Each structure stands twice: as C-alpha cells, then as structure tokens.
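Protein chains in written order, with the numbering used here: chain A, 1 to 74; chain B, 1 to 497.
Rather than coming from a laboratory, the hints here were simulated on the basis of the structure.
All values derive from a computational prediction rather than experimental measurement.
No residue lacks a Cβ here, since even glycine has one placed at the ideal position from N, Cα and C.
Check before you lean on any hint, since a few could be wrong.
Computed Cβ-Cβ distance ranges for the label pairs, DEER-style [what the hints assert, rightly or not]: (1) A:Arg-5 - B:Val-321: 57 to 63 Å; (2) A:His-70 - B:Arg-323: 39 to 45 Å; (3) A:Val-20 - B:Pro-383: 52 to 58 Å; (4) A:Leu-21 - B:Phe-421: 50 to 56 Å; (5) A:Phe-31 - B:Ile-272: 53 to 59 Å; (6) A:Val-20 - B:Tyr-472: 16 to 22 Å; (7) B:Val-158 - A:Glu-72: 41 to 47 Å; (8) B:Arg-324 - A:Glu-72: 30 to 36 Å.
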Amino acid sequence: MRVRRILVTIVGIAQGAIGVLAGILAFILYFNFLGVQTTLNVSAEFLPLYLLILSVFSFFSVISGFFLIHEEIE
Amino acid sequence: MATERKLGLSRAVIMGLGGAIGFEIFVLLDYAYFDLAGPTMVSALFLCGLINLLTMFSYSELSAAIPKVGGEYTYTKAAFGGLTAFMAGCLRWLASVFGGALAAVVFAQQLTYFFSIFIPAVQNFILVSTPLIAAIVVIILAALDIKGVKEATILIVVAFLAIFAVFLASGLWYGLTPPEVLPRASLGGLSGFFAATAYTFTMFVGMRALVAGAPQIKEPGKNVPRALLLSTVLLTAVYCGVAYVAVGVVPGEASVGSPLLNFAAERIMGEIGGVRIGGILFAVAGMIASISSVSTAMMVQSSILGGMSRDGYLPKVLLRVHRRFGTRYVAVIASSLFVILFSAIGAVEFLGYAASFGSLLVFALVNLSLMKLREKEPHLKRPFKAPLYPITPIAGIVMSFLLLTFPVLLRDVNAESALIFGLGLMALVLTAYYLRMVGRYRLRVAMGGISLGMGVLLALLIPLLIPRLPLYVLIFVSAVSIIAGVLNVTARTRKIF
C-alpha cells in the first residue's frame with residue numbers, strides 16, 4: 001500500500017500539472033503569444049480543433065489528478 | 001447549532017419590509033417608466049403586489065406548516081424532493097445573488113448622484129469606479145454579517161418609511177398632473193404593462209427574507225403568516241403611492257438625466273439654501289436601502305446554502321458556524337464572492353430581469369409545492385391555510401409564467417439576455433445535480449477510464465505528433481495518463497461525497 005500511496009501522490013501531482021500546462025498552452029495558442037502558432041506550425045484552419053483537444057485534455061487531466069491527490073489527502 | 005427564537009410580530013414585519021423595501025424602487029422605476037410602460041407603471045406595481053400577495057398566501061401556509069431553515073428549498077423538498085428542491089434552492093439563491101448585486105450597484109449610483117451635488121469633480125471618478133464601490137460595499141456588509149450585526153434593520157426601515165411619507169405629502173402639496181395609470185387595451189400597451197410588471201416584480205420578492213428567517217421568529221405558526229400579509233399590504237401601498245407621485249411630477253418627459261425618484265424629489269421639495277434637499281434625501285435613502293437589502297440578501301443566501309448542505313447537496317463546510325459570532329461564515333463568504341462578481345457587471349436592466357425571472361420561477365414552484373402537499377400530506381398540521389384554495393396558487397402560477405413570457409414577446413434585449421443566461425445557469429445546476437447523484441466513486445472510475453483512453457490514444461498518435469512536439473514529452477504525458485487512469489479505476493473508495 002505504501003508503494004501505491006507514493007505512486008498516487010507523484011502521478012496525481014504530475015497529471016494535475018500536465019492538465020494545468022495544457023490549459024495554459026491552449027491560452028497561449030489562442031492569443032498567439034510569442035508567435036507560438038508559427039513556432040508549432042499551427043494553421044488558423046486547425047486552431048479551433050487544437051484548442052478543443054487541449055481544453056478537453058486539460059479538463060479531464062485536472063479532475064483525474066485531483067481525485068488521485070484527494071485520495072492521498074484522505 | 002440551533003437558532004434562538006427571539007423575534008416577535010413587529011420585528012418579523014420589519015424583517016419582511018427590510019428585505020423587500022428599498023433599493024429597487026430607486027432604480028427599476030426609471031426603465032419601467034421611460035422604456036416600458038409609461039404612467040401605467042403604477043398599475044403594474046399594483047399587479048406586482050397582487051401577485052406577490054397570492055404567492056405569499058402559499059408562503060404563509062408552508063412556512064407555518066414547515067417552520068425550518070431553507071425557505072423555498074425546504075418546501076419544494078417536502079413536496080417533490082430531489083431535483084425539484086435542488087433547482088428551487090439554486091434558483092432562489094441565484095435570484096438573491098442577482099438582487100444583492102443590483103443593490104450594490106444602486107448604492108454606487110446613488111453615491112455618484114450624491115457627489116454630483118456636493119463635489120461634481122469627483123462624480124466622474126465614482127461613475128467609472130461603480131463596480132469597485134459595489135464590491136467594497138459587499139465586502140464590508142459580508143464582514144458585518146459574519147459578526148451577526150442585525151440591529152440596524154429597525155432604524156433603516158423606519159427611516160425609509162419616514163422619507164417616503166415626506167415624499168408623498170410633499171407631492172400632494174406640490175400638486176400633481178393626474179397620470180393615466182390604466183393600460184390601454186392594445187397589444188403594445190398591454191405588452192409594455194406586463195413587461196414593466198415582470199421587470200419591477202423583484203421590488204416585492206425580498207419579503208421572502210421573512211420566510212427564510214422564520215426559525216428566529218417566536219410562535220411562527222401565528223406570527224409568520226400575519227407578518228407576511230401585513231408587509232405585503234404596506235409595501236404595495238407605499239410603492240404605488242411613491243410611483244404615482246413620481247409619475248405625476250414628470251409627466252410625458254422622455255428622460256430626466258438623473259434617477260427618476262431623485263429628480264421628482266428635487267422638483268417637489270425644491271431647494272433650501274441653494275441645496276437640492278429632496279435629491280439629497282433620496283440619495284441617502286437609496287444608499288441606506290441598498291445597504292439594508294445587500295445585508296438581508298446575504299442572510300437569505302447563507303440560509304439557503306445551509307439548508308442545501310444540510311441535506312448533502314452541497315459541501316458540509318458551508319454549515320460551519322463561526323465560534324465567536326455564531327454565524328455561517330463560510331456560506332456568507334461564498335455568496336459574497338458571487339455577489340461581487342455580478343455587481344461588477346453593473347448592468348442594471350439585466351440584473352433587474354435576472355432577479356425577477358429567478359423569483360418568478362421560484363414563486364411558481366412554491367405554489368406547486370403547496371398544491372402537491374395538500375394532496376400528499378392532507379393531515380399535516382397547518383396553523384394557517386391559504387384562502388380560496390386552489391384558485392390562489394393556480395392564479396399565482398399562471399401569473400408567474402405570463403410575466404416570464406411578456407418581456408420576451410416585447411423583444412426586450414435585456415429580458416432575452418437574462419433568460420438565456422438563466423437557462424445556461426440552470427443547465428450548470430442540472431449537471432451539478434447529476435454529478436452529485438452519480439457519486440464520487442463512479443465519477444472517479446469514469447475519470448480513470450477517460451484518462452486511460454487519453455493516454456492510449458496519445459501513445460497511438462505519437463508518430464503523427466512527433467514533428468511538432470518532442471518525443472520524450474509525448475511519452476511522459478501518455479505514461480502519466482495511463483498510470484493515472486489505472487490508479488483511478490482500481491481505487492477502492494466507495495465514499496459518496
């Protein structure tokens with residue numbers, strides 16, 4: 001059980017952080033900060049699709065990470 | 001912690017008047033008069049009072065039969081249970097939040113008017129800072145609510161009634177142009193009339209504070225119904241009288257450049273020593289009334305949240321009582337945040353409609369609950385019974401739905417926005433209820449499955465994504481998602497929120 005607890009904590013924090021970063025990336029992509037659309041070669045045509053994928057991924061990752069962290073807190 | 005019953009009939013009436021009387025009349029009459037109904041606004045207010053009275057009969061019966069914390073939420077729960085009660089609670093809470101936000105905005109508006117008289121240079125700064133001022137007012141009153149300060153209510157209500165008595169007497173002394181207060185029997189005339197009724201309806205509904213505060217009232221079976229009826233009659237008389245004087249003072253004018261009541265008071269009370277005494281009096285009254293209403297709204301909101309968290313629909317933390325002041329401080333803080341958010345919008349017409357629509361739907365649900373309980377619990381002890389049953393609740397329901405539809409038929413953009421926004425919020429409420437019913441364990445397993453699926457899908461798409469993102473990043477994200485999915489799916493907890 002001790003291994004599981006350590007794993008739950010690490011994976012929970014990592015997934016939560018990934019979710020938050022994906023959200024931030026979507027935000028940066030939408031406002032095209034530092035010309036990130038060009039850097040990542042994202043065309044305007046596919047921008048809404050990338051934003052949708054990143055938002056959905058971010059949302060579910062944050063919730064899934066939250067459940068894991070919450071298990072450890074409990 | 002049980003609440004002590006220490007308020008008598010007179011305090012109960014003051015509690016009802018303190019919730020209902022006040023800030024709305026300083027702001028809603030303008031749009032109702034200049035844009036919707038003209039002088040027929042006076043009849044619209046009378047109709048509001050009548051509809052309010054119809055539903056207050058239902059409130060009286062229900063509050064006397066079920067004198068518990070939570071008001072409308074408790075009644076609909078007893079009648080229908082589950083989803084309907086949750087929706088009623090959320091609607092009531094939202095209407096109260098919108099009302100509180102509107103009150104805070106009105107305070108800022110009256111402050112602007114006040115400074116326009118004494119320090120015109122500051123007026124523009126205050127006008128720009130309206131959302132900030134509204135937010136500060138809410139924060140201060142939330143802090144006072146947490147401390148449990150309630151003694152100012154009597155003084156506020158008495159001062160308010162005195163100011164309006166002076167206004168009515170001055171208006172009659174000044175000499176009015178008798179306005180045509182009855183609506184014309186045309187589609188345009190009736191639409192505007194009913195739209196004004198819907199828009200100004202929120203002026204009356206604050207009286208429900210009395211129902212929410214029923215656990216503090218002595219002999220609730222006797223005192224609550226009496227206090228509700230007394231408050232309704234007094235309020236209708238005062239509002240119709242004030243509107244009649246205001247309309248009689250400014251007949252046929254397209255706009256007056258300052259709040260209608262302030263303008264009317266300026267005109268009929270004149271100047272003393274070069275100071276516009278009437279306008280100042282009304283600005284002060286408007287600010288006092290706004291403060292009173294924000295404070296009452298906070299109390300109502302914490303009561304509703306308390307009722308819903310008591311039943312497990314909301315987190316138990318909302319029931320936490322302050323050790324020193326004995327108030328539900330977490331619920332007060334949570335509600336205050338929403339009030340601040342909506343007061344920052346500052347759109348008076350939108351907030352007015354949103355508060356009214358929420359209240360009208362709650363009124364319809366309360367009337368339905370009364371009918372359902374009469375059928376479901378015929379032997380329930382009812383110290384007060386709604387007269388002319390079932391005509392009164394049916395009339396209340398029909399009028400509520402009529403008032404909901406007329407502003408939209410009139411294509412009032414503010415009404416449409418409020419309705420669409422309200423529907424969106426209700427969709428969120430339904431989602432929250434569904435998630436609550438699903439339970440945490442099943443939700444967690446579902447999230448684990450989704451996380452697992454996302455990780456596998458990402459692993460399969462790695463060859464396609466390599467040109468855009470580094471390989472090690474993709475592998476790391478994919479691995480974390482898969483492991484997290486497995487850990488969530490294999491979780492053993494079966495605790496339901």
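For each hint, the structure was consulted:
| no. | hint | in the structure |
| --- | --- | --- |
| 1 | A:Arg-5 - B:Val-321: 57 to 63 Å | 34 Å, violated |
| 2 | A:His-70 - B:Arg-323: 39 to 45 Å | 27 Å, violated |
| 3 | A:Val-20 - B:Pro-383: 52 to 58 Å | 56 Å, holds |
| 4 | A:Leu-21 - B:Phe-421: 50 to 56 Å | 32 Å, violated |
| 5 | A:Phe-31 - B:Ile-272: 53 to 59 Å | 57 Å, holds |
| 6 | A:Val-20 - B:Tyr-472: 16 to 22 Å | 20 Å, holds |
| 7 | B:Val-158 - A:Glu-72: 41 to 47 Å | 57 Å, violated |
| 8 | B:Arg-324 - A:Glu-72: 30 to 36 Å | 33 Å, holds |
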